[in-house]
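> Chain by chain, the residues:
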Amino acid sequence: MALLEVDDLSVTFSRRGQRTVRAVDGVSFSVDAGEVVGLVGESGCGKSVTSLAIMGLLPKQPGLAVGGKAVFDGTDLLQLDDRSRRDIRGRDVAMIFQDPLSSLNPVIPIGLQVTEVLARHRGMKGAAAEKEAAALLDRVGIPDPKRRLKEYPHQLSGGMRQRALIAMAVACKPRLLIADEPTTALDVTIQAQILELLKELVRDSGTALVMITHDLGVVAGMCDTINVLYAGRVVETARRRPLFREPRHPYTVGLLGSVPRLDAGRGERLNPIPGSVRDVLPWPDGCAFAPRCSRRVDECVGEPPQLVLTYDGRGYRCVNPAPVPGTEPGQEVRDTVPTQAAPGSVPAQAEPNDPPTVPGLGPAPSEEETA
Amino acid sequence: MTITSGKKKQKIDRLAELAARDDERGVSLWQEAFRRLRRNPAAIVGAVILALFVVVAVVGPFLVPYSPTDTIGIRDGLIKPGVIPGIDGDHWLGLDHQGRDEFSRLVVGARQTLLVGVVSTLIGLAVGALIGGVAGAAAGLGGRWGRWIDSTLMRFIDMMLAMPSLLLAVSIAALLGASLTTVMIAVGVVSVPVFARLLRGSMISQANSDYVLAATSLGVRKPKIALTHVVPNSLAPVIVQATLTLATAIIEAAALSFLGLGNPDTSVPEWGVMLADAQQYLDIRPGLAVYPALGIIITALGFTLLGEAMREALDPKLRK
Amino acid sequence: MSDDDILVEVRDLKVHFPIKRGVIFDRTVGHVKAVDGVDLRIPRGKTYGLVGESGCGKSTLGRALLQLTPPTDGQVVFDGVELTTLPAGKLRTMRRRMQMIFQDPMSSLDPRQNVESILTEGLQTHGIGKDRDDRRRIIGETLDAVGLPRWALSRYPHEFSGGQRQRIGIARALVLGPELIVADEPVSALDVSIQAQVVNLLDELQDSLGLTYLVIAHDLAVVRHISDMVGVMYLGALVEEAPSDRLYTEPLHPYTRALMSAVPVPDPDVEDRRERILLAGDLPSPANPPSGCRFHTRCPWAQPTRCADERPVLREIGASRVACHWAEQIASGELRPHKVSAEVVRPEGEGETPGVVSAPSEPGSYV
Chain A
4 MALLEVDDLS VTFSRRGQRT VRAVDGVSFS VDAGEVVGLV GESGCGKSVT SLAIMGLLPK
64 QPGLAVGGKA VFDGTDLLQL DDRSRRDIRG RDVAMIFQDP LSSLNPVIPI GLQVTEVLAR
124 HRGMKGAAAE KEAAALLDRV GIPDPKRRLK EYPHQLSGGM RQRALIAMAV ACKPRLLIAD
184 EPTTALDVTI QAQILELLKE LVRDSGTALV MITHDLGVVA GMCDTINVLY AGRVVETARR
244 RPLFREPRHP YTVGLLGSVP RLDAGRGERL NPIPGSVRDV LPWPDGCAFA PRCSRRVDEC
304 VGEPPQLVLT YDGRGYRCVN PAPVPGTEPG QEVRDTVPTQ AAPGSVPAQA EPNDPPTVPG
364 LGPAPSEEET A
Chain B
1200 MTITSGKKKQ KIDRLAELAA RDDERGVSLW QEAFRRLRRN PAAIVGAVIL ALFVVVAVVG
1260 PFLVPYSPTD TIGIRDGLIK PGVIPGIDGD HWLGLDHQGR DEFSRLVVGA RQTLLVGVVS
1320 TLIGLAVGAL IGGVAGAAAG LGGRWGRWID STLMRFIDMM LAMPSLLLAV SIAALLGASL
1380 TTVMIAVGVV SVPVFARLLR GSMISQANSD YVLAATSLGV RKPKIALTHV VPNSLAPVIV
1440 QATLTLATAI IEAAALSFLG LGNPDTSVPE WGVMLADAQQ YLDIRPGLAV YPALGIIITA
1500 LGFTLLGEAM REALDPKLRK
Chain C
1468 MSDDDILVEV RDLKVHFPIK RGVIFDRTVG HVKAVDGVDL RIPRGKTYGL VGESGCGKST
1528 LGRALLQLTP PTDGQVVFDG VELTTLPAGK LRTMRRRMQM IFQDPMSSLD PRQNVESILT
1588 EGLQTHGIGK DRDDRRRIIG ETLDAVGLPR WALSRYPHEF SGGQRQRIGI ARALVLGPEL
1648 IVADEPVSAL DVSIQAQVVN LLDELQDSLG LTYLVIAHDL AVVRHISDMV GVMYLGALVE
1708 EAPSDRLYTE PLHPYTRALM SAVPVPDPDV EDRRERILLA GDLPSPANPP SGCRFHTRCP
1768 WAQPTRCADE RPVLREIGAS RVACHWAEQI ASGELRPHKV SAEVVRPEGE GETPGVVSAP
1828 SEPGSYV
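Line by line, the protein sequences are chains A, B and C. End of the first sequence sits at 374 in the working numbering; the numbers just go up one at a time, nothing left out. End of the second sequence sits at 1519 in the working numbering; the numbers just go up one at a time, nothing left out. End of the third sequence sits at 1834 in the working numbering; the numbers just go up one at a time, nothing left out.
Among the hints, erroneous ones may be present.
[To be verified] Computed spacing ranges between beta-carbons, pair by pair:
| # | chain 1 | residue 1 | chain 2 | residue 2 | range |
| --- | --- | --- | --- | --- | --- |
| 1 | A | P112 | C | D1540 | 38 to 44 Å |
| 2 | C | S1521 | A | V311 | 39 to 45 Å |
| 3 | C | E1476 | B | K1423 | 27 to 33 Å |
| 4 | C | E1549 | B | W1344 | 24 to 30 Å |
[Said to hold, decoys possible] Output of the computed footprint for chain C on chain B, the stretches with three or more beta carbons under 8 Å from beta carbons of chain C:
| # | stretch |
| --- | --- |
| 5 | 1407-1415 |
| 6 | 1418-1424 |
Because the hints were derived from the structure by calculation, they are not lab data. Glycine is no exception: its CB is placed at the ideal position from the N, C-alpha and C atoms.
With the sequences and hints as input, model every part of the structure.
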């Protein structure tokens, strides 16, 4: 049994007079102890709502309905009452948010905010708590921790704030950490520091980490398993290497083709996905990605595609997945060839023969020698 | 499959072009705000109250059963010391202490109340927007003179703001002598600083926005940018504030009348005066105080509901 | 890029913002040196990419180049015309030839203008187009060029998706027929799949219209993708400038190396092999920049001599220009990065090499 088992999670917002929004529409994934699981997708794919629903942090409002299960170590987090959920939150499951400034209380010193967590969940008080807080700040790489304890959030830089937030999150040695775009607001050199820190925490303490991000590069370096979300559903789930080497779902293929790579040459055109996230088909009517998909066939419309599981534990929700190079030669699905492809995009069939568009196939130049 | 494929493709193409309803015209922000206003129950309640109020104020005086100044009670000998007749078939809300028909007075008083509220708010809006607009434009254009004009105007506004509003209104009313115009001016002046600060602040924040920079980089002249971009985008909060100010203006005008600084022409009934008169007879006929008070409260509520709903509808943060 | 046809030349450009204190009387208590002496040249028809982290002054440089923020000192020569001393009227006329694309497509479009009005404004300002029909024709062609449908004309910005809004912003710049476009973070507010569309669009427009770009971005991968020449900024100054490919294969400045090693690449193999050069601490305050080389407080290669007291100038090494006293020695491996005392202890056997500095050690460098 995995540490966290999310099963068919759905979140709907319905308001009178407006269309019901299915922000999360049957998401399932699992996280083992010490594992890093990525939830990847663009804005509006439901990745953040998923994490908030698991944590029970969705703002209570009429019309909000959360369905499915999120079993953490035997208890369904979604069924807990507020009190026991608060107990679990912070102690067993902790969360890191995108914007460290708004997640920290601006009028309370950092130290007090850390000791508060220690007092609540570990019953520590006074000097002991302060000592532990300083040790925590030190652990997350905040220099001169004793002095920082007395400072207010605005006196710290963005990177230091995020470290402080991580210190609070790991204060009680949680078994599961959910990081929602933890580095999006940070500069890239600071991002590198924070990612390195998160990796260390996972490695040293065996904490499971759910990494929510839009950045495929971050995922490539961190996650063991990756779930790609689109319009509220997991469209592809795979281990890290297979996903980047042989993406099956056309959306994953498209995402990878959209990212300019540092190690690609000048002048190579990107292969964007046409249209925008707004052009979705409601899932019950077929594949939500179909309107933008370059591998669209007739079967895409009518009913939602089932999750296809393959031998190596990967899965994709697609009736006409991108072929794995070598294994399915000449699989022709050509009678309904793509439509409205934007200028610059190539037909999907071309992709397996076109190394630069499938990252991982091309000779990846190594980093410049630094020493 | 081959038979249905055409249909399916059609369907999917239609769905793919969900956004491409090219026959429709665009929806401007005001239209969008109005749509959302229409869906907000608070806005509808507020609008209904105000519509009723305006109808009563405009046509009411022509339909009332009695003249509001006719002292029927005294003529008919119904008013005796310690006795004021209550509700009966002829007089729906009874008579007041001078034997005048309370219902008629209430209806005719609505017009006065509306007039004072609207005119004083317009005075406040006009003067405040002028000061705020000049200050905002001066600050936006910058330069030494711009900053000087801006800070001079704003210090003046700060001084006005430092005085309690009712005290300011009372002083002005006392200074100018009691009259209807005085009430309007006094209540209007009180709201000047609010409008001035609001418009200036809004203009300065708009002046720092990217689209103003974009217009500058297009080569548009600064005065034209101020008029075509900055001012129109700064107006939304001012309009909301005007609606909310109508509510306070009505209350303040009533307060001035209550203090005896209202319209000295007693032939025109006014809710504040009616309230003031009624306090001597609270033990005999408390209703005389309740009716005008309710009128003031409900009207102010109507304006507030509508104003708050407008604020919500125009708030860019709540827009999807 | 020596004797090409240079469209824009920036010489020793400085933008200092006064820091004011005081309630009634403003007192200038110091200056934020957002841009502090930048030289660069952009050849006609090429793309110059400017990268750097937030607060390095890259956006201010872009705006100062277009005279949207008045420079404190220095010159900007656009096609032979010195812009900093140009009278306001003449400058406005020049604006037709140099346009800007903004980061946030929503906030850079007036929410109360429909697309037609947005696109007409510039045309009217410069008197382009004989009459309404002529202007409509120009606008129509521009819409086609940026890939927006004609029905967009009557729509308002809030009715579009982020990518489409950015296309409107590009159309607004393009409709005047400019030669130079300064794009300030043109894709960073967009979703990944949309970013690629906009990047490709910029590429195509350059090919078909011969535009010159100054692309400002924090995303090294994006900049490298679309630029011919890349300049790396740190604390208000260029630290390195090199042709795009060369910057990647042979970064010379320690900061460039650190930046390069920090950019995540969507490829597990590259990620696993990567050696991160983690910089110590955060960016120092531009109001009080470090003496000497501004990077020396965080530099893993900082030397006891020169770095702290002598400000390096950009010097040419091969096709690059780099502002580092020790660039050759670092490149040859003669100088090795210090191991800045690691506060976070790393476990053994994680494939880390001695070149990796893993923890902040500069308590003095926080803003």
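> Are there hints from earlier that the structure breaks, and if so, what are their numbers?
No numbers; nothing is violated.
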